[in-house]
Amino acid sequence: MNTRREQLVGVLFALPWILGFTIFLAYPLVTSFYYSFTSFSVLRPPHWIGTSNYRELIKDDVFHQSLKNTLTYAAASVPLATVFAILLAMLLNTKAKGMAFYRTIFYIPSLVPMVALGVLWLWIFNGHYGLLNEGLGKVGLPTPPWLTDPAWTKWTLVLISVWGTGNAMVIYLAGLQDVPQSLYEAAEIDGAKAIGKTWHVTIPMISPVILFNVIMGLIGAMQTFALPYVMFPGGQPARSTYFFSMYLYDTAFQFQRMGYASAMGWVMFAITLSLTLIALKLSSKHVHYEGG
Amino acid sequence: MKKFSSTGLATSRRRRVLINRVAVQAALIGLSIFFLLPLIWMIVTSLKPIDETMTSPPRWIPSHFEWGNFPKAFAYNSEDLGYIPFLVYGKNTIFVTILAVIGSVISNSLVAYSFARIKWRGREVLFGLTLATMMVPGPVLMVPMYALFKEFGWIGTFRPLWVPTCFGSAFNIFLLRQFLRTIPIELSEAAKLDGASEWRTFVDVIIPLARPALVVIAVFTFLWAWNDFMGPLLYLTDQQTFTLSMGLQFFQSQHTGTPWNLLMAASLIVIVPVIIVFFFAQKVFIKGIATTGLKG
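First to last, the sequence lines map onto chains A and B. In terms of this note's numbering, the first sequence is numbered consecutively and its last residue is 319. In terms of this note's numbering, the second sequence is numbered consecutively and its last residue is 478.
Heads up, a few of these hints could be off.
[To be verified] Only pairs whose alpha carbons sit at most 30 Å apart, straight line, appear in this in silico DSSO-like list of lysine-lysine:
id, chain 1, residue 1, chain 2, residue 2
1, A, Lys124, B, Lys465
2, B, Lys332, B, Lys273
3, A, Lys308, A, Lys165
4, A, Lys224, A, Lys95
5, A, Lys122, A, Lys224
6, B, Lys254, B, Lys273
7, B, Lys469, A, Lys122
8, B, Lys465, B, Lys273
9, A, Lys124, B, Lys469
10, A, Lys165, A, Lys224
11, A, Lys122, B, Lys301
12, B, Lys469, B, Lys374
13, B, Lys254, A, Lys224
14, A, Lys181, A, Lys165
15, B, Lys301, B, Lys465
FYI, nobody ran anything at the bench for these hints, they're computed from the structure. Since this is a predicted model, take the numbers as computed values, not measurements.
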């Protein structure tokens, strides 16, 4: 009787999520899958058209380009931001004066809302009177057209993503602080230098954290929306910054093709899932878990 | 002889430590400039008169501080950009954010408590499903959520932006559950021996101990709601109900020049509350992150 009561209490406590999970996750996922096989807009109810949305995607050049843009961005920004965040965290993990102060400063950029971030960088990267090119020009460095040359625009976004890497940095920092000091002492007795200690102690010990951050970064990069939407309306120039989510949004709400957009959503889901599984598979030999 | 070489070693080691320390400080200062300079430039620009925003070389110190840019940014009206009721957007954003934070803290703590400290059949299955849903990219849900809220008659209202947060979210539940599991079970057992119900145990014993983790949830939800761009873009239809992150866009002009000083002032108005909240929550926040098992 006691356990029966416990069952009831447990379900009651979890009830908000049982409802939320059903209404705001499971149900939309199922309907989205159904929509992906229909033609459907706000004005017209969905009607079944089989797999033609998916077949159309195979031939859709804009879709291919947005997919390529997104994958290129993810392939550049995730590794760069990972390495940068780990280096920052290692620097913040040393014993120097004013560490709490630096930690706050390094973290602040990641607090800036995406849209404010976008307009700030539009201003700094501006080709005519932008601060960055003024500075680069003064010291005799090239002044690339950050916002107007399709060859540069994606790199502009990658640079910004590196600037706002604070969240991952804090998580790495917490991971670093958990590495037992005795391991470093043991490595020192074995004659390991700083680089050796980093490579053979630090990296293996924080490898689960790296894996977690890389996967979260990958999922985030695949969904990039607000920043390019604000900085490069329509993904211009030459659709070089037209990302997957922007095309999905335009398809659903500008072109009113919600069935087609749903099919795109499921392709995105499939790609994200495969990338995550690949990351898990590739890492399984290298990630070190304590105690099993 | 032996003695001499060992002191020589000691000085060289001391020198190496010193060089190391200088290098670390230099790197920290250099990186601080890298992180802060864009924001300082934003502040400088927000305090300039418009004709000093586009000078070459750039002016770091304005001829005078144009404080009037801030009141101007709150309710801007121009022929090119139209009327931008930024103050109204601020009010809307605060409204949505407060409801989202309250809803999120209450719902996530209830659900996480159930997952962490009550044994019931189906718990592990639901928790597994919950973790799996973290993999679902947001854009997959864009169309069906819109259709759902349209069914509810919620398009054009604030409800799609905050009501879902009152039902918990996978990430927050996960975070909080990890934290609650670290609280010794003996505390709950002692409370129950004293005759406390599950509810009393939750409210009087567990919640006070979970403060740091609750602050983390509150800050995350605040950041998410305050910064949310896609939600308002999808569900809000009337100019008067827009939020700050949407309003910022309107300062960008397609025709005549963008008033950069006002745009930067408006951006600061959006950023400053976030930084204030972070500063107040910082200590508990960092402690909460370190103990919630967020690190994997």
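Comparing the hints with the structure gives:
no.	hint	result
1	A:Lys124 / B:Lys465	holds (18 Å)
2	B:Lys332 / B:Lys273	holds (24 Å)
3	A:Lys308 / A:Lys165	violated (48 Å)
4	A:Lys224 / A:Lys95	violated (38 Å)
5	A:Lys122 / A:Lys224	holds (17 Å)
6	B:Lys254 / B:Lys273	holds (17 Å)
7	B:Lys469 / A:Lys122	holds (19 Å)
8	B:Lys465 / B:Lys273	holds (28 Å)
9	A:Lys124 / B:Lys469	holds (20 Å)
10	A:Lys165 / A:Lys224	violated (41 Å)
11	A:Lys122 / B:Lys301	violated (44 Å)
12	B:Lys469 / B:Lys374	holds (29 Å)
13	B:Lys254 / A:Lys224	violated (56 Å)
14	A:Lys181 / A:Lys165	holds (25 Å)
15	B:Lys301 / B:Lys465	violated (33 Å)
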